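**Student:** Kindly generate the complete structure, drawing on both the sequences and the hints.
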Amino acid sequence: MKKLLLLGDEAIAQAALDAGLSGMYAYPGTPSTEIMEYIQSSVDASARNVHRTWSANEKTAMEAALGMSYAGRRAMVAMKHVGLNVAADGFINSAMTGVNGGLVVVSADDPSMHSSQNEQDSRFYGKFAMVPCFEPSNQQEAYEMIFDAFETSEKYKLPVLFRITTRLAHSRSSVTLRDAIPEKKLSLPVDPLQFVLLPSIARRKYKSLVSSYEEVKFDIRLSKYNHFKDGSNRELGIIACGIAHNYLIENIGESNKEIPVLKISTYPFPKDLIKDLTSRCREVLVLEEGAPVVEESLRGILDDGMKILGRLDGTVPRDGELNPSIVARSLGLPVESGRDVPSLVKMRPPSFCKGCGHSDVFNSLIEAIKPYGQGHVFSDIGCYTLAALPPYSAINSCVDMGASVTMAIGAADAGLHPSVAVIGDSTFTHSGMTGLLDAVVKDSSITVIISDNSTTGMTGGQKSQATGRLEQICLGIGVSPDHMHLITPLRKNHEENIEVIKREMEYRGVSVIIASRECIQTATKRKKDESANA
Amino acid sequence: MKSDIILSGVGGQGILSIAATIGLAAVDNNLYLKQAEVHGMSQRGGDVQSHLRLSDKPVASDLIPFGSADLILSVEPMESLRYLPWLSKTGWLVTNSNPFINIPDYPDVDEILNEIKAIKNHIILDADLIAKESGSARSGNIVILGAASAFIDMPFSSLEVAIRKLFGRKGQDIVDANLKALNAGRKLSDAYRK
Chain A
41 MKKLLLLGDE AIAQAALDAG LSGMYAYPGT PSTEIMEYIQ SSVDASARNV
91 HRTWSANEKT AMEAALGMSY AGRRAMVAMK HVGLNVAADG FINSAMTGVN
141 GGLVVVSADD PSMHSSQNEQ DSRFYGKFAM VPCFEPSNQQ EAYEMIFDAF
191 ETSEKYKLPV LFRITTRLAH SRSSVTLRDA IPEKKLSLPV DPLQFVLLPS
241 IARRKYKSLV SSYEEVKFDI RLSKYNHFKD GSNRELGIIA CGIAHNYLIE
291 NIGESNKEIP VLKISTYPFP KDLIKDLTSR CREVLVLEEG APVVEESLRG
341 ILDDGMKILG RLDGTVPRDG ELNPSIVARS LGLPVESGRD VPSLVKMRPP
391 SFCKGCGHSD VFNSLIEAIK PYGQGHVFSD IGCYTLAALP PYSAINSCVD
441 MGASVTMAIG AADAGLHPSV AVIGDSTFTH SGMTGLLDAV VKDSSITVII
491 SDNSTTGMTG GQKSQATGRL EQICLGIGVS PDHMHLITPL RKNHEENIEV
541 IKREMEYRGV SVIIASRECI QTATKRKKDE SANA
Chain B
24 MKSDIILSGV GGQGILSIAA TIGLAAVDNN LYLKQAEVHG MSQRGGDVQS
74 HLRLSDKPVA SDLIPFGSAD LILSVEPMES LRYLPWLSKT GWLVTNSNPF
124 INIPDYPDVD EILNEIKAIK NHIILDADLI AKESGSARSG NIVILGAASA
174 FIDMPFSSLE VAIRKLFGRK GQDIVDANLK ALNAGRKLSD AYRK
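Those protein sequences? They're chains A and B, same order as listed. All the letters of the first sequence, read from the start, carry residue numbers 41 to 574 under the numbering used here. All the letters of the second sequence, read from the start, carry residue numbers 24 to 217 under the numbering used here.
The set of hints was computed from the structure by calculation and includes no laboratory data. Quick caveat: nothing in here was measured; it's all calculated off a predicted structure. Heads up, a few of these hints could be off.
[As the list claims (entries may be wrong)] Just a few of them, taken from the derived set where beta-carbon distance is under 8 Å, the chain B residues facing chain A:
#1 V33
#2 H62
#3 P88
#4 S111
#5 E134
Every residue, glycine too, gets a C-beta built ideally from N, C-alpha and C.
**Tutor:** As structure tokens, this is what we get:
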């Protein structure tokens, strides 16, 4: 049996390859990025010619994966939790169309917001779309589940949601591999109308979706991951979901004979097993990473049954990632602690790399905008968001991918002048282009600075769809060539760049300044690779 | 046996290479392993930590509970203090003495070293200097690994094997420099405790 030391993300990727994957689609986002990266660097995937290039955003990735499934082959799409918001349109409707080849949608949640804007729980989306959802508790289980996820998807002709959280995504453990199975052959859907969501068809399909949601939960492929282990204690029973089960076992031990424990790793969750547990105990504690999804379902609207402990009553903190010490506290067990952190230890926030082009962009912008005072700069999501922190304190918003351009439009509509948007090249192609089209059509009075480092920097330097195309895209969208400028953010161009930004901020109309300089990290890596290959 | 280890430092200082070395060695020793690491933006000059758990029994949690780490292994002195809540009463703290100063309010280095010295089981080394003497200025992280190896329940030789594997594709010079760094770290650590 072949064993590998893999991150949770990598275990998922390896499993998909071993389960006959034909196409992987994704947009980079922490903590999901390594799934695609693993498949991209896989010798096996390369030999089989598995599709594995980055998509412009999560929505295009989701829809391309659905297209591959339409053609009868197995496809996987991966994203971070907020990426599922972007892909939600295609995702929810893919439950309506159903699939042909197996389709697995991996969404990596980030409780505690290690590198995210919120800590939404993707399991809500599983329920919302009414599709089966798998939530592995460890790397080996993640590997096993992917096989079952593909088979479940094909059996019920439904996409399957695969929910993980940061800690599993980015933790490494030994994983034993199974024998690989071959890729599926090209085959078109039997029903030619399956993927046509005209209202009359959609109504019929929705009825079958609703009924299959109930059916799915008794399927052995899902239910084998949920198990109930009785214990002698009749006071407290515990429901532990996904990775929370590990933290529980860390505290009570694998051979616990006292506390009745139900492990849940698939959804819709197993009502019968929950009854097994609750019929034996006076109180139940729910441990789940993320939102109180299971806990809320148990409480219901009347909330007058047995005593339920969890995130809603404060037994477990309402927000943030779980860990073994939090779980110990919720069990009433003593929590050890080492020494306190000495007060002299200072925060060390992430910062621009030495020689980063973004910092030159902001140095020029800060000076150009000085006469107007604070509050005119809308930003986006990327390394450049660090300009919100001192010593720059140069941006006033960071909401979601693309929101810099569109928020600047709204603020300009309100009369704010200048209204400046700062967006990265990758984010621009992810979600900025359509906003720019709005601006051009409405002739909004905004200045868009595309801080182009020719990569997706924040997630580690993945290929950007925009590289070499930004100018063409902007002109194609309709930006006037008179108000399109290419500048190089270098210290020696500082004065010149200030002048360009000043001039365009004064202009009452759409202007775009593309500030291009390769990411210092990407450039270093590229040079290293080039010299290694030379 | 179990070794619960916190690896700490700043993004780009080679924490993940240390983790990879210990990981490879653990697999060779048929140990169970879980290693949680930090990816994404916090690597850009921010503090980075990794929880590494080795055991001869299956490891349940990817994270180490508070107060139970056997070792804090740090390539930067202030960062070694950030994780004290995890250190057990009998645990060891092994750290580089060279600060990585990328923040304006970095505390006085002597004060940091005094805080470290207040911990019963500590080892402070100028890993950068030792690395330079070993022939590779960039292997300070491996010097610290060598120094900490005394507190990781595995044969020292398996770390050497892991370094050969990990750095093999970078050429024999790099392998030799790192082996030298590993051994120098261990030797100083043994002397430090006498």
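**Student:** Okay, which hints does this one fail, numbers in order?
**Tutor:** none
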